[in-house]
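I would like the entire structure built from these sequences, with the hints used as guidance.
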Amino acid sequence: MMRMAKMELVVFGQYLKQLSFSILFMAVCFAAGTGNTSALPGIIFMMGMFSLSSSASNYDEHNGWAAFRLTMPVSRREVVLGRYLFVLAGALSVSLLVAAAALVLSMLGQASMLPEVVARVVRLDADAMQAGLFTLAFCSAVGFVIASVSMPVFFKFGQTKATQWLPFIMMFLGVAPFMIVGFMGGEAMMAAQRAFAFAQTPEGLAAFAAGACAFGLVCYAVSCAISLRIYSARDL
Amino acid sequence: MTTSFAGAPLIEAHGVIKRYDGFALQQVSFAVEPGQIVGFIGQNGAGKSTTIKALLGLIELDGGEVRVLGASPRELSASSAAVKERIGVVFDTVSMPPHMRVREVGKLMSRVYATWDASAFERNLVQLKLDDAKAIKELSRGMGMKLSLACALAHDPQVLILDEATAGLDPMARDEVLDMLREFVAVEDASGEPCHAILMSSHITSDLDKIADEVVCIDEGRIVFACSKDEICDLMGVARCRAAEAEHVLASPSAPDELRVLHHDYGVDVLVPDRFEFARVFPRIPCDRVTIDDYMALMLKGSVLHPRGAAAKGGDAR
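Residue numbers (our numbering), protein chains in the order written: chain A, 10 to 245; chain B, 50 to 367.
Hint data in this document are derived by calculation from the structure and do not stem from the laboratory.
Don't take every hint at face value.
Stated by the list, open to error - Some chain B residues close to chain A (C-beta under 8 Å, calculated; not the full set):
1) Leu107
2) Ser126
3) Lys133
4) Phe140
5) Ser144
6) His148
7) Met149
8) Glu153
9) Lys156
10) Val161
11) Tyr162
Note that this is a predicted model, so its numbers are computed, not measured.
We treat Cβ as the ideally placed atom computed from N, Cα and C, and that holds for glycine.
Below, the structure is given as structure tokens:
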């Protein structure tokens, strides 16, 4: 698995540099737009999961790379496990970098080393931290779900075919929770509102964050198992 | 590192079956022995690449058995290292992401192959005149094929499986590559026995004329012939007959039991098993050395005649 992850690092070296610049640009725009930086790690994690899973499968399609890679000393199992590891590690790394940068900027702002207008944006007080944790939990769950759904489809069909289906699947998954709550009626709506209210308390936030992360990780693990099965039987 | 299998072929296919919609590999069998270069020929869509994919475990078989260095496709597909380290593969395109630079390809290979020889790769790049700063997408097809060969030869493989590896190369570069392949297959183990082998699919049969030991031809998913190249090129001949001369040959008591002929607008080509004997018996009929191209055309497009029995099979005597 490490062999495959190392291969991915070489293949994606250039792309990761480009991704870093676009993430930096997005982060600046987002912070300026919302007036704070607390939500950035979560949003960047979600973006990372989405773009890395999609781009990785895009490269597989070029020049028959996916088939050629299997003639090298890596097994199909290693390809799948290495890909899942790489996507998660990549998204986690950029998210951590952004979190660290946000923290450093906040400290610089507190030390009056930044202009007032910038210091206000990068300030991380208790409320901002709480909002940031909520966003991180929510966005990481969404990021995990996006990658968990798309990666088995990519492993099954390759990107060209998969992109014919994925927008529909993603749209359905985005709308489905609201449809389900709608079908279940007013009581379900009330329960959802109560859950959101609970999530705004410290205990509720901790439970929500833990639940969202666990849900995301379980989805990712199940998706990985499905991809292993799919890819072991795929003709390339 | 080389491994011997006590006289066993390094690559073997037995009764391989793979079915797709509208195409199937049907009972494909052949073997590549140590020290051999086997040319794998056939028309577009005949099943060459599918057979190669079957050998490499890239597709699941519907029947039959294949082994490369003693490993089945399932083992190749599942195994991560040992056997695959010793198989060099070149497909008909440079099979790596196009944004990568040549030097990054070397870096990638060094991460994957325990046996990767960076200095051998550098030497191959110099010999094949490849600029390591260029991106794959900037390489011409020929240069891309050179890069693939440079990679395949730099991790000390025991067998090379080449799918149209000389396509796109200019004649000079092709000769250089053929020399490298000859050098590769000439390697011997400690006991002086040949230990390397090459399976090489190609449309450029002139390359196979130069280096192949055996030629295997596939058509519509079936093996049409598999024989020694010397048998074809050294002994056989193609008699360029006019219609009357062809009749004369067919009526001759010294004609073999079975003759393969190919009709043209301007005459008839007759495949003769021994061109020297033919020239002695029919001194007035020009009889050329057979190239692999001629032989393939006669086998795939020609018809079989039984002169003395006058029973035509698969065609007419016209």
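These are the hints, each one checked on the structure:
1. Leu107: Status holds, d = 5 Å.
2. Ser126: With a closest approach of 6 Å, the Ser126 of chain B hint holds.
3. Lys133: 4 Å, holds
4. Phe140: 6 Å, holds
5. Ser144: OK, holds: Ser144 of chain B within 8 Å of chain A, min 3 Å.
6. His148: It holds, given that the least Cβ distance between His148 of chain B and chain A is near 6 Å, below 8 Å.
7. Met149: Constraint on Met149 of chain B satisfied, holds at 7 Å.
8. Glu153: 6 Å, holds
9. Lys156: 6 Å, holds
10. Val161: 5 Å, holds
11. Tyr162: Holds. Min distance 6 Å.
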